[in-house]
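Asks: Protein chains in written order, with numbering that gives the first Met the number 0: chain W, 0 to 359; chain E, 0 to 359; chain P, 0 to 75; chain F, 0 to 75; chain L, 0 to 184; chain X, 0 to 184; chain S, 0 to 262; chain H, 0 to 262.
Don't take each hint at face value.
[As the list claims (entries may be wrong)] Derived DSS-like pairs: lysine-lysine, alpha-carbon spacing no greater than 25 Å straight-line:
(1) W:Lys-355 - W:Lys-278
(2) P:Lys-71 - S:Lys-18
(3) E:Lys-355 - W:Lys-296
Just so you know, the hints here were simulated from the structure itself, not pulled from any lab data.
Note that the coordinates shown come from a computational prediction; the quantities given were computed from them, not determined experimentally.
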Amino acid sequence: MGELRLMKGNEAIAEAAIRAGCDGYFGYPITPQSEVMEYLMAEKPYESTGMVVLQAESEVASINMLYGGAGTGKIVMTSSSSPGISLMQEGISYLAGTQLPALIVNIVRGGPGLGTIQPSQADYNQAVKGGGHGDYHMIVYAPASVQEMADFVATGFKAAFKYRTPVMILSDGAIGQMMEKVYLSDPVPRRTEEEIISQCPWATTGRPPTRDHNIITSLDLDPAGQERLNLVLQEKYRKIEENEVMYEEIECEDAEYIFTAFGLSARICQKAIELAREKGINVGLFRPITLFPFPKKEIRELGRKVKGIMVVEMNAGQMIEDVRLSVDSDIPIEHYGRFGGIIPTPDEIVNVLENKIIGD
Amino acid sequence: MGELRLMKGNEAIAEAAIRAGCDGYFGYPITPQSEVMEYLMAEKPYESTGMVVLQAESEVASINMLYGGAGTGKIVMTSSSSPGISLMQEGISYLAGTQLPALIVNIVRGGPGLGTIQPSQADYNQAVKGGGHGDYHMIVYAPASVQEMADFVATGFKAAFKYRTPVMILSDGAIGQMMEKVYLSDPVPRRTEEEIISQCPWATTGRPPTRDHNIITSLDLDPAGQERLNLVLQEKYRKIEENEVMYEEIECEDAEYIFTAFGLSARICQKAIELAREKGINVGLFRPITLFPFPKKEIRELGRKVKGIMVVEMNAGQMIEDVRLSVDSDIPIEHYGRFGGIIPTPDEIVNVLENKIIGD
Amino acid sequence: MAKMIGDIVIDIERCKGCEVCIAACPFEVIAMSEDVNSKGYRFATKVNDKCTGCTNCAIVCPDGVITVYRVKVAAE
Amino acid sequence: MAKMIGDIVIDIERCKGCEVCIAACPFEVIAMSEDVNSKGYRFATKVNDKCTGCTNCAIVCPDGVITVYRVKVAAE
Amino acid sequence: MTEEIIIAGFGGQGVLSMGKILAYSGVMQDQEVSWMPSYGPEMRGGTANVTVIVSDERISSPILNKFDTAIILNQQSMDKFEDSVKPGGLLIFDPNGITRFPKRKDINIYSIAASDEAGKLGLSIVFNMMVLGGFLKLKPIVNLENIHKGLEKSLPSRHHKLIPDNEKAIGIGMELIQPIQVLES
Amino acid sequence: MTEEIIIAGFGGQGVLSMGKILAYSGVMQDQEVSWMPSYGPEMRGGTANVTVIVSDERISSPILNKFDTAIILNQQSMDKFEDSVKPGGLLIFDPNGITRFPKRKDINIYSIAASDEAGKLGLSIVFNMMVLGGFLKLKPIVNLENIHKGLEKSLPSRHHKLIPDNEKAIGIGMELIQPIQVLES
Amino acid sequence: MEEKFARPEIRKPENIVYKRTDLLVDRPLSYCPGCGHGVVHRLLMEVIEEKDIVSKTIGISPVGCSVLAYDFLDVDMQGAAHGRAPALATAITRLWPDRYVFTYQGDGDLAAIGTAETIHACNRGENFTIIFINNGIYGMTGGQMAPTTLPGMRSSTSPYGRDVDIMGHPLKITELVANLPGTYYVTRQSVQTPGAVRKTKKALRKAFDNQDLNKGVSLVEVVSNCNSGWKMTPVQSNIWMEENMFPYYPLGDIKVEGTLVEK
Amino acid sequence: MEEKFARPEIRKPENIVYKRTDLLVDRPLSYCPGCGHGVVHRLLMEVIEEKDIVSKTIGISPVGCSVLAYDFLDVDMQGAAHGRAPALATAITRLWPDRYVFTYQGDGDLAAIGTAETIHACNRGENFTIIFINNGIYGMTGGQMAPTTLPGMRSSTSPYGRDVDIMGHPLKITELVANLPGTYYVTRQSVQTPGAVRKTKKALRKAFDNQDLNKGVSLVEVVSNCNSGWKMTPVQSNIWMEENMFPYYPLGDIKVEGTLVEK
Ligand SMILES: Cc1ncc(C[n+]2csc(CCOP(=O)(O)OP(=O)(O)O)c2C)c(N)n1
Ligand SMILES: Cc1ncc(C[n+]2csc(CCOP(=O)(O)OP(=O)(O)O)c2C)c(N)n1
Ligand code: SF4
Ligand code: SF4
Ligand code: SF4
Ligand code: SF4
Ligand code: SF4
Ligand code: SF4
Ligand SMILES: [Mg+2]
Ligand SMILES: [Mg+2]
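Given the sequences, and given the hints that come with them, work out the whole structure.
Replies: Right, here's the structure in full:
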């Protein structure tokens, strides 16, 4: 069952990375996630497991270190928060185009611009629809607890290598900063050079006489070649949609109404459910855990059973588009959002449910 | 009616900017749009109109020069292509957050990553859903001819100042590189310092004794203040959706089926309409000209009249989500896309229409 | 020789008690209060009459909370 | 004294006719063809027997299309 | 049992670590806990607060706007959080630096002069533990054994020598806490 | 009238400017035109091509995969574009550098030895205009007066002194062009 | 509060020899007690006031502890994205060539993420002033290592001291840009003593005077304490700074009137 | 084709004194006729071959004309984003510390968009080799002005010549990074004559040998023609380069074994 600790979400990510056999972390400080690197620097895994931890000169450098590191077949990650993640968009697009495994953590804060350092979920579209150029996706996990912050690191690394794709953990300042109990898995050793070479035949490990040189690039000046690459990517995304969907249903069995929310919002909706049920409103929660792949089928089915869906996000309405695109029944689907670091309270959520959906 | 020229789309943008009284251009070379800056450097507007033209050290610098320039109340623009635009995402989010007027031209090429320099439409989501962090929108124009490349420059500047918002022209390599006839409007003089000061009371023009100092920032450490800013933005976007929608309907009166396409794809669909109608298929074209605001109402109404909609994009299916979110009738809405610089041909479009929609 | 007599006024609500002025005063005119202001900071106070109005304290004060007065008087 | 006799082989399909080798040869051994190769380039050719195999041409050739041979023979 | 607590004061008063020790003690007795701080540059010299939840059940929202208990260590926090105590709830404050006493009559109000006492005893560094002791006197949601374990876990080992002082302070706080009667105004 | 043309050859053969002059001439006689080049680094030393459309009506797609006329100036372009000529369409090629002659029988094929002739006359710089002349002989879609205007507009003024040579070359090209009979193979 | 040593006979407006300039907005500064940022803010505004150029001044604040500088400096201001102030200033100077434009930047901002913008603005010789607060740390984000953090110095991302083998050397970016043809005046100062403050003010004045000449960038580095980040009292931190920072970052002019100062 | 001056008696394998190394992939290079990129590619592969380190070599190609370098160099390679090769190389070197890592970058890539990554990798003293092709122009995108474009030099974005007042000065980034403590070997060479080629090869060899010592960055600048961008024939361009580029970018070692070379 692993070791039990009380940790911040950001620290849990760092500790989980060490335990998952991560080979390299590259990052640049930004609130509310600087604890990830600070924890690593304090733990000095470069002395214990040999993991590289490097403070880069910027997020542009971080993501390109990540890109370089990913090319070696090693397990690498970076973390940042909204403005820093925006600076990484070119690099993320490169990672997707070159099909490299890498983990990117976005501890979202309120925007746009410099905004605020308070928690937000306004980077959903950027993470899910592609903030960088070109047709690509990342697998996006939205943890709702410190435990999941830790768990999704190993899950993310695994998915990244399984599909050779960048993976994002999309969380927010509150989950990054708060402490909860977390069971940490036992450490797995970093892979040896031989293991990497055999498991990642595509990686830049140095060309032995026995194989062709490996080339990692997203360039193909021939449009036909470029289209082939794109078709490979689209096929990969189809497989991911088939296999990797994760979600959670809470008190949905008897629910007449459904909250849909991810991450922190989902936690707050749970409290709202308590309040609503006290008032006799049978409401449940559908929580997409993977935002890409989005649990389309599952919410579609739920949509056929309930009288209305309320999407609660700490943004102006982003995931709601995916909910609307998924649901095929003719029920009201409404959004409730707060912005810029303001966190919706459980009672206002219940109020809005009563007025916007039930009152409809 | 202005002056008649045969010009490349990229050149038309540059010439139109000079004529629209643009005060400053900041850019970094990238194919397929380097002609914008090259044209300006050859024309030397800094000697004629006084317009500043500066080659920056990177796209990150360009967008931040744009941001600085926009703060002065002057008319400023930049241009780039996909990877360069990805690097600008932080800056774009700042422009949106500080509510500054500025024009950004994206001459899209195939991605992801370095991709290809051939034309593509894979940056639709990035432009329309927000490639940067936070809840924001730009007004996005999708020209389909060299004439529109020229026209939308002045239109874009106007909208940018009317709403104090960044505006994007989302075009592609083919429209940027091709020559067509273009009627250039007569030059308007650059605004004088007095005009700028009176028209842009928010700008950093130097504080006279008669007013408070102007501050341009997107930061508000108080979440309540940050939420207020966000609500102001959302209200602005609502107004833009109300007033600024542009679209074109071609041969839709008698159409049983509709192509929906923007930019270059719309041109190709026009050819496909010719072919389809030769075969007796009554098909028309709905072309969103503004991608944000998306012509939701108009396509919804069309959707109620026709038997099916085929969305043709040079990407994996991005605008189709907006089409699906808009249409409320129960007709097939299918996507046809080519990738990575490949341009769909009119006959393959007609084929797909016959198989995927009509055959349905 | 003329002598300078000075005085300082400290905006104690804005003083943050950093003590930088103390180190800067050549005549040990300033010391910290026992009380705290509404921000919870102890604040600088004048503890003797030796001020010459040299302005040293004021120009090093990071919060610019010291105003300095000075008059020239005939030497004793 | 020993003398060097050399020869060069030019991959004319890969030669791009840049003429850099011509400038590098101390013995004017190389000149441009009249014909073009399939890429449309005129190409380098040997126009005399004076090659010493000094390799100058080969090491400056940007496309690395020259192979140099050399033998040592007794001085005439 | 679910106890939802806000602890609020100046940055330097040990607000966050008091919350952390409480939360860790909860962990030690197998409860669910969450510890949610305010964060960011406003903490610089300014106020700090932390929401701690200790519960027998899975914790839904770690962020709350109503609390069972508010522990308040400066005036700004009094202004901000007095109204957030649930009716029937508990408000504990240290009177040092408090210029406007709480006015609510539907809650239980206690004062604890921990700051003065800690100053007197030369135990300023464990002032926050005194306050915690006061709280635990009223709501013994974690027992002393588990607090000991919580201290062991949450203090870096180089500070373990301070554990006895911490425990002593808890004891003192238990003695120090006093109910307050809100007068009709 | 709509004429859809592809012009293709090596980078240095003036393919793009031939297309531009043709397009500008179309503009001069009030027609709709489009000029769509291949672009990018593959042009470096490699091949270049341009699609030119001249029409009385609004032009739909500027990008085509079938052409009324293909003007072909090297072997790579022949390989690439011979099949893209519409049945009944026109293919013009300069035999210099062509190693495999066109084989289609459903189109009209003409050869124009402009490269040789231009070399002989010392007019290599306007070689492309000879080819254009040949095309215009067969399809006089723009008249000479408008070509003159087109030249004026598309050449930078420092090159206007070359206009007479250009026009002369067009005339020569008109003489030079020859139909080709495709033999049974 | 009653003042024991007040001298009401002297406290008359005509006897004021020093008071906070009105160009500092009348509100508390957001900095930690004893932080040098406040001093530099004040000097900057004094120079603007003395040159009487408020209506022609545009400032750029960075992302760093001085992110809120615009709230304190009563001139028109724009907040840059982290590191990009020189890019903003470039555009503003070119669009308003007769304005006095300055950036105000920390060491993380100027020498880490903003390296390219700094170098290129300096190399182009843009006509603005850079005020560079080198406190050897990322103050705002909680004390992480900066490019200028000294070898062996502790920070939250070098908790055991900066190990130059792993984390690289401190970057003397000021010396670096002094080598570029586009810088006209480059100096390093400090503000921990009255004498140092006076010199810094002179340097700032010179920098703004230089903008009248249009000869390129003037860069005034101020080595300053971040007592919070360094985990010292303000007074301790100033002493530590003198003993440790100054040997590595020696004070004085580095380039004057476009010419490197011989050492 | 029949060869008139062939000497079949000499053309025997045992008499070969120079042939293209097999580490250059057997396909035509994508460069323009006469472009220096090809020579440097070959020398680089010769050095790798001679050191016999193919199985331990990882190269980074840039975005620029040499974007396709990975197609020609028969070692494991990764294509960087424009300007970011030093960031990739930093990660790769640290993750595979016993590998020989090199970046191959143009002047736009290294000295414009990649300035920060270049400076910081050099300042950290990463253990890799930078090969820097300075042709004073953006070759790949069609000849725009680069940071290194000479004053008065024409390019597609300085069609009337680089006006340093508006467009800034050429950036001698090589001299700049030589001042950083993290660089161990910094040299400037060229490849237009046999002698120059031999020197460049020696420099490359030294750079890779240095990686055995783990003392920091070795940077080999090669001043090279971009005859297409300069709009000259290859031979003209080499002459123009000698007459115009070399005075501004003088050849020779700038820093050897961590010590600046006295001039
Ligand atoms: C793109 C981006 N990256 C990172 C940050 C987080 N951040 C804010 S301030 C800062 C560093 C501040 O240090 P410095 O520039 O030295 O200023 P100081 O606070 O020390 O005065 C960082 C990394 C940010 N806001 N934006
Ligand atoms: C982010 C980004 N910006 C711009 C470009 C376009 N681009 C490609 S290569 C290049 C410059 C190449 O110049 P240089 O580095 O000097 O290499 P050269 O071609 O001269 O060898 C540019 C600007 C790009 N691909 N990506
Ligand atoms: S003015 Fe001078 S003498 Fe007076 S208190 Fe200040 S420093 Fe001391
Ligand atoms: S320097 Fe200023 S803020 Fe600091 S103690 Fe003195 S008066 Fe107070
Ligand atoms: S140097 Fe090489 S490519 Fe150039 S002409 Fe000579 S053989 Fe041909
Ligand atoms: S090997 Fe020497 S002598 Fe022979 S052709 Fe080449 S350069 Fe001339
Ligand atoms: S954190 Fe450091 S730089 Fe920031 S205000 Fe505090 S002392 Fe000053
Ligand atoms: S464009 Fe210039 S650098 Fe690029 S291959 Fe051609 S000559 Fe070389
Ligand atoms: Mg700092
Ligand atoms: Mg170059």
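Asks: If you test the structure against every hint from before, which numbers come out violated?
Replies: none
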